[in-house]
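Read top to bottom, the protein sequences are chains A and B.
Numbering follows our numbering, with no gaps: position 136 of the first sequence is 136.
Numbering follows our numbering, with no gaps: position 65 of the second sequence is 1065.
It should be emphasised that the hints constitute simulated quantities derived from the structure, not laboratory data.
Since no wrong hints were added, every one of them can be taken at face value.
Only pairs whose alpha carbons sit at most 30 Å apart, straight line, appear in this in silico DSSO-like list of lysine-lysine: (1) A/Lys217 / A/Lys81; (2) B/Lys1009 / B/Lys1041; (3) B/Lys1060 / B/Lys1009; (4) B/Lys1060 / B/Lys1002; (5) A/Lys217 / B/Lys1060; (6) A/Lys217 / B/Lys1009; (7) B/Lys1041 / B/Lys1060; (8) B/Lys1041 / A/Lys217.
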Amino acid sequence: MIYLDNAATTWPKPRGTAAAIAEVLSLRGANPGRGSYRMAELSSETVYRCRVRAAGFFGAAAPENVIFTPSCTHSINYVLKGILSPGDHVIISDMEHNAVTRPVAQLARRGVQYSAARVHEGDPEATVAEFRRCMRANTRLIFCTHASNVFGIRLPVAEIGELAHRNGILFGVDCAQSAGTADIDLRSLHADFLCMPAHKGLYGIMGLGLLIVNCDKQLRTVIEGGTGSLSGVNVQPDFLPDRLESGTLNVPAIAALDVGIRFIESVGRERLEAHEMSLVCRAYDALAAMPECLLYTQRPQTGTHVPLLSFNIAGIPSDEAARRLGEMEIAVRAGLHCAGDAHRKMGTQSGGAVRICPSVFTSAEEIDGLLDAIPLIRQDA
Amino acid sequence: MKEQSASIKVGSYTLAMRGCELLRQNGIPCTLRKTSDAAGKYGCLYTVNVSAGSQWQAEKILRSSGIMVLM
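With the rest of the complex left out, here is chain A (with noise of 0.2 Å):
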């Protein structure tokens, strides 16, 4: 099979995965940070282990400031909903995922207020400037994706970041589709919180989300528990990570975690971007030449996109498209991608789009393989 759905999760995972996973059933199978035998002191430096590394990789202060939660979206939720109260004003971006979009929409319901900045692709300071068009005196928080989960185009986070700063708003960024590709690191680009799944371009499994936090500020907790700590009062733990890390951990997922980070280390996060961003070109460069192939943007390039894209073939509705292709052991992803905004924008909400993601295990030649296969679908419609 030609694995091209890499935006929707990375496949397949680096070696050693497996094995960190069945060690940990095996071997390292307690509740950590619960039991004080040998096991789960185990369970427990696993999970230390791993936050230590993605605060180094991500620029955090201190490893307590990594929040593993269930997923990114359990994130992004943490954040919105920890933050804003009714009253409150916040800007998203036009082209974000549902997993800002509905707990925005949901949160306007109950009186917060919001704008969505216009993105322009290729020029960051239209971008900005849009941004800086929505603030009023009320906005309490920025949130915006690094990049669009369909169209790839990347947001200038650092410049809206500082602009958020400079006027004394929080801000807080979706890398869902940029963690592990792009350069993050959370103090150059002024964020105070960073969401992103483990199981994507970090190389982890399902399961797992990442809440960075780089702010004195505390979010208001959307759940309380047990933490396995200070158990003899019913208050939530006012320190991090525990305030936000409510319930058992799933240890597996950080072991594949800890295994992804060490494998983005070890072939280097710039040559991984670098060569996926050469198959989406030599894609892009295919398809343009394709008359009955439609793009949406600009031929990508590192700094201003990551590398997906997402196109169409005249005449063929994209599931249609990705079903076909499904049929020919090609997989990518067709429809809306979850994120609404960003197709209508676009101008593809009615028949949504075919999105091709390559991974660090993508090669030149799985990508040929798509675009011979494309020719072959126009000839069955």
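Please arrange chain B on chain A, whose structure you already have, making use of the hints.
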């Protein structure tokens, strides 16, 4: 004669682990232990155990690194 040890209470495993690493980097040997403190006000917590003679310095290092020491 064995030197007396002191227990420094911190809230979580993460803080205790980071605390131990910091103390070791500063030449202070230590161990980490989960305790119940069932009779106390906190319940489950962690202790960073150091020699009694280095307790003051250890607590100072922990506090200066943002690790809250519980009393």
